[in-house]
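**Student:** Based on these hints, arrange chain B on the given structure of chain A.
So the protein lines, in turn, are chains A and B.
Going by the working numbering, the first sequence opens with residue 1, and the numbers climb by one from there.
Going by the working numbering, the second sequence opens with residue 318, and the numbers climb by one from there.
Careful, some of the hints might be misleading.
Below, in silico cross-link-like pairs of lysine to any residue (SDA-like), each with a Cα-Cα straight-line distance of 25 Å or less [unchecked claim]:
#	chain 1	residue 1	chain 2	residue 2
1	A	LYS56	B	GLY878
2	B	LYS935	A	VAL290
3	B	LYS741	A	GLY179
4	A	LYS287	B	LYS935
5	A	LYS287	B	ARG905
6	A	LYS56	B	ARG905
Beta-carbon label-pair distances, calculated as ranges [claimed, not checked]:
#	chain 1	residue 1	chain 2	residue 2	range
7	B	GLU687	A	MET35	30 to 38 Å
8	A	MET258	B	VAL791	58 to 66 Å
9	A	ARG69	B	ARG349	37 to 45 Å
10	A	GLU295	B	ALA929	23 to 31 Å
11	A	ARG69	B	ASP685	24 to 32 Å
12	A	PRO252	B	ALA874	43 to 51 Å
13	A	ARG292	B	ARG876	38 to 46 Å
14	A	VAL273	B	GLU687	45 to 53 Å
15	B	GLY644	A	SER272	36 to 44 Å
16	B	ALA866	A	PRO252	30 to 38 Å
17	B	GLU687	A	ARG292	54 to 62 Å
18	A	GLU295	B	THR473	42 to 50 Å
Anything over 12 Å on all C-beta distances counts as not near chain A; from chain B, calculated [stated by the list, open to error]:
#	residue
19	GLY367
20	VAL389
21	PRO505
22	GLU956
Everything labelled a hint here was simulated from the structure, so no lab data went into it.
The structure presented is a predicted model; accordingly, all values stated were derived computationally and were not measured.
C-beta atoms are modelled at their ideal positions from N, C-alpha and C, and glycine is treated no differently.
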Amino acid sequence: MGLIRDFAVQGAQMVFVLLLAPLVLGLTRKLKARMLDRVGPPILQPYRDLLKLVRKDVVLAENASWLFRSAPYVIFAVTWVAAALVPTFATGLQFSWTADLIAITALLASARFFLALAGMDIGTAFGGIGASREMLFASLAEPAMIMMVFVVALVAGSTQLSWVANFMLTHASLRVSLGMALVALIIVALAENARIPVDNPATHLELTMVHEAMVLEYSGRHLAVIELAAALKLLLYVSLIACIFVPWGLAPRSSGFMPLVIGAGTYVAKISVGAFLMVFFETSIAKMRVFRVPEFLGAALMLGFLGTLLLFVSRSF
Amino acid sequence: MPVVVALWSVAALIALAAVTPILVARPRSATRIVYTVAGLAALVLLGAAGSVLLGLADGSREVVLPIGLPWVGAHLRIDPLSSFFLVVIDLGAAIASLYALGYGAHEPHPERVLPFYPAFLAGMNLVILAADAFSFLVAWEFMSLASWALVMAHHTSEENRRAGFVYLVMASFGTLMLLLAFGLMAGPEGAYAFDEMRRVVHASWLPGLVLVLALLGAGSKAGLVPLHVWLPLAHPAAPSHVSALMSGVMTKVAIYGFIRIVFDLVGEPAWWWAALVMALGALTAVVGVLHATLERDLKRLLAYSTVENIGIVFIGLGLALAFRVDGMAGPAALAITAAIFHALNHSLFKGLMFFGAGAVLTATGERDIEKLGGLIHRLPVTAVMMLGGAVAISALPPLNGFVSEWMIFQAILLSPDLPQWALKFMVPAVGAALAFSAALAGACFVRAYGIAFLGRPRSTAAATAREVDGFSRVAMGLLLGLCLAAGIVPGLVIDAVSSVAIQLVGHDMPRQPLWPSLSIVPVSAGRSSYSGMLVFLFILMSSAIAMWAIHRFASRAVRRGPAWDCGFPDASPVTQYSADSFAMPIRRVFGPVAFDSHIERELPPPGDPSPAKLKVVKHDLSWEILYAPISGVVGRLGERFNTLQFLSIRSYLSLVFVALVGLLLVVAIWA
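With the rest of the complex left out, here is chain A:
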């Protein structure tokens, strides 16, 4: 019975994140528009966009290779697997032992690797510029993320996300190192999801763009899959922040039906608050020049490093 329940929770979570991901995107767009005193598109617009895109023909560049055509599915699959392993409404996911937090970071790096390659496949200047900048940002964002993982793992004594969430739920305490890790993770999340101040998700055809430049040549169902993967990644980072730093409401392992419902409710509340905070931050700050971004990410790396160092000095920080 317990096993079936765990499988069910795992399966429900996989479908749940997939269905919820475009909603988060729609919510951020709507909130942003409201803050700028615009009406904004309906919250369900991303679903409509995806449906429209999958129905359209794919227009492929003449020299596109098989890598260009299969990369969207690889990127989507890798991101989905990573997102399925982050506890959203319940800890004790059945497959949480498959990949820990370091492996989730590396899975996202795999997705980025293929996205950058896909950007270079057609042989245009835009694809190259996007790939090159993305890899530059990753060279600092990834170590910052690993340092953040170190802090969390040293506090919780595990790199396993379900264990970490359980630990945070039962041993909640204010720590300097966790604060530093939180700031580092937020900076990394902004950079990885191509949000302001690192990249601007709303622009097209500007030399400042990074993520959009890589996917410029995609159309139809390929573009839909990539957009869905990007939405999943945003949801993944929000869930990650939620389950490590605000774990309250998460249904503990082998709990009954009611805690699961409460967990789902608090989860939706948490991501709404997260989206609001992100949009608030985005509207109150300007986009950075590309070569300021390494300093921004360097700050995340330093914070993560300092947090780790503090924990090496004493476990009580």
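**Tutor:** Structure of chain B alone, referenced to chain A:
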């Protein structure tokens, strides 16, 4: 028994090297015979070593041959440590021989390659088999000289001659340092056999000095910064299958030498050893990958990436030393297993990448990635293999490079319990350096693969390339298969090397569970676990679901059209992003620190119609800070002593007389 089999195989390799000069009168058949026999000998050696590693046969009985030093003889044996490294070497050698059956046919001067190839293999095997200092050093020098001859195979280019010269100087320096290290360890009684050497009681200062000498000697062969300068020159100069062996396998022989001396022969370590080894490892990893990211020559890029991976292995070794000093046997076993696992992984994916580079070289005649592009259409099989290699080498799941780096991260997470403050402060920095080098390796190989294989062809050679022969493709396929296998069932490798961990740190990792689903558990299930197999299956399943759902329920139509590129589709391939422009942001951010790089602008005065020029200036700092002054001093001394060449016979005789008297005086005072 395995030792005897191994020795006969090595003897066969040496005999093959001896008869090859006669065979090369018919180059085609000689190529086939040499690589077939060498490959078979490597397979036999692989079998012998593998049986010892898996505990099926006992190799610990020593064979003593009456050659070498008269009162020592040549001791040879296979213990768990040597069996592991023999497996690494002969696996690489067997597949390289298969590759060379195809690749070697394009060799313009087979007589310069064929005789030295089996000799090189024999030399590497003998280093590992040796169980006394004399045979070890002779085999080491034999290996160096054979590989030097292979580096000089294409000696007509000025660049290769310089590479050969630098390599020879550095190899001699390394052997000299190892000679001194063994001399110190043997003690005044001359205990050159390893068994006796372990029993020698050393003065307290001596082991530290031996560690430094081992770092200089084995480190220069492995490519530790700042002793790495020869490596990116020499490895690419050799034919590609030899490059693969030098980068993938010979550096492992150097790591073996280091482990043998530091973990086995010299006795108890001190904590500062760990700090020194880790610091050098982290420096090597970062410097290596930064150089690789900016490099345009495909084979040299791979050589710099070898420097990076050697750094990662040394980080693991340093952690193992730290844990061993403080009696933390479990974490020490994890760190040492991670280090040698990474050594194995590196030999697999670096071999694969060099084979791919060789295939590109055969198909296009180009090593400069700025002149390639679009090869995914022309070399479809090689492109798949290189993509797999690039994923593995960038430490991405589910391939093998990720597993060993993940294990090193797990070992780092156990190190806050170390009592030494210096280590406590250092380990997080080493962890950050490791994460940084892994991320940059991703950038490096996105750039290398994206520029060389994707996009549009940048030269006619690239546009008209043809796929390479079957032997090369099978060899690459084998290596990719092994990379995947080591990535999805890492538990089997970890279990197989448990005897090595026991020998080196007196403990091994917990036996890895076959169920559930071959996950690896370094410490305990609650702490961390990773299952490459399941990650791989999940990725396959979810991409299959996505593909099926979309093709079934939505659209599967495809239209082809010109590229969009924001409305500026230009037919000229020079409008693509180039390798240098890809690396520019990374050079701009990290270059001023790592290479003292800057851009020189040359603007013509107003009215002058000549073009403005931008020039990127980049320095190899270790060359300029360390080597240039030394070579300057040597040069000046050489000029000063040049006058000695033109003396009369009387002057020479008096010099000899003075030297003799001086020597006698020294002896008299000593006595």
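**Student:** Could you run down the list of hints and mark each one as holding or not?
**Tutor:** Okay, the hints, checked on the actual structure:
1. A:LYS56 <-> B:GLY878: With Cα atoms ~15 Å apart, LYS56 of chain A and GLY878 of chain B stay inside 25 Å; holds.
2. B:LYS935 <-> A:VAL290: Within the cut-off at roughly 22 Å; holds.
3. B:LYS741 <-> A:GLY179: Given that 25 Å is the threshold and the Cα spacing comes to 21 Å, the pair holds.
4. A:LYS287 <-> B:LYS935: violated, 31 Å
5. A:LYS287 <-> B:ARG905: This hinted pair holds, its Cα atoms lying about 20 Å apart.
6. A:LYS56 <-> B:ARG905: Violated, at about 41 Å.
7. B:GLU687 <-> A:MET35: 30 to 38 Å: violated, 47 Å
8. A:MET258 <-> B:VAL791: 58 to 66 Å: Since MET258 of chain A and VAL791 of chain B have Cβ atoms about 59 Å apart, the given range 58 to 66 Å holds.
9. A:ARG69 <-> B:ARG349: 37 to 45 Å: The hint (37 to 45 Å, Cβ to Cβ) holds, given that ARG69 of chain A and ARG349 of chain B are roughly 40 Å apart.
10. A:GLU295 <-> B:ALA929: 23 to 31 Å: holds, 29 Å
11. A:ARG69 <-> B:ASP685: 24 to 32 Å: Cβ of ARG69 of chain A to Cβ of ASP685 of chain B: about 29 Å, so the range 24 to 32 Å holds.
12. A:PRO252 <-> B:ALA874: 43 to 51 Å: holds, 48 Å
13. A:ARG292 <-> B:ARG876: 38 to 46 Å: holds, 41 Å
14. A:VAL273 <-> B:GLU687: 45 to 53 Å: Holds: the Cβ-Cβ distance is about 50 Å, inside 45 to 53 Å.
15. B:GLY644 <-> A:SER272: 36 to 44 Å: Once the Cβ atoms are compared, 52 Å apart, the range 36 to 44 Å for SER272 of chain A and GLY644 of chain B is violated.
16. B:ALA866 <-> A:PRO252: 30 to 38 Å: Between ALA866 of chain B and PRO252 of chain A, where Cβ atoms are some 33 Å apart, the hint holds.
17. B:GLU687 <-> A:ARG292: 54 to 62 Å: Between GLU687 of chain B and ARG292 of chain A, where Cβ atoms are some 29 Å apart, the hint is violated.
18. A:GLU295 <-> B:THR473: 42 to 50 Å: holds, 49 Å
19. GLY367: Given that every Cβ of chain A is farther than 12 Å from that of GLY367 of chain B, nearest at about 30 Å, it holds.
20. VAL389: At roughly 47 Å from the nearest Cβ of chain A, VAL389 of chain B sits farther out than 12 Å, so the non-interface label holds.
21. PRO505: About 43 Å separates PRO505 of chain B from the closest Cβ of chain A, which puts it past 12 Å; holds.
22. GLU956: Holds: least Cβ distance 46 Å, greater than 12 Å.
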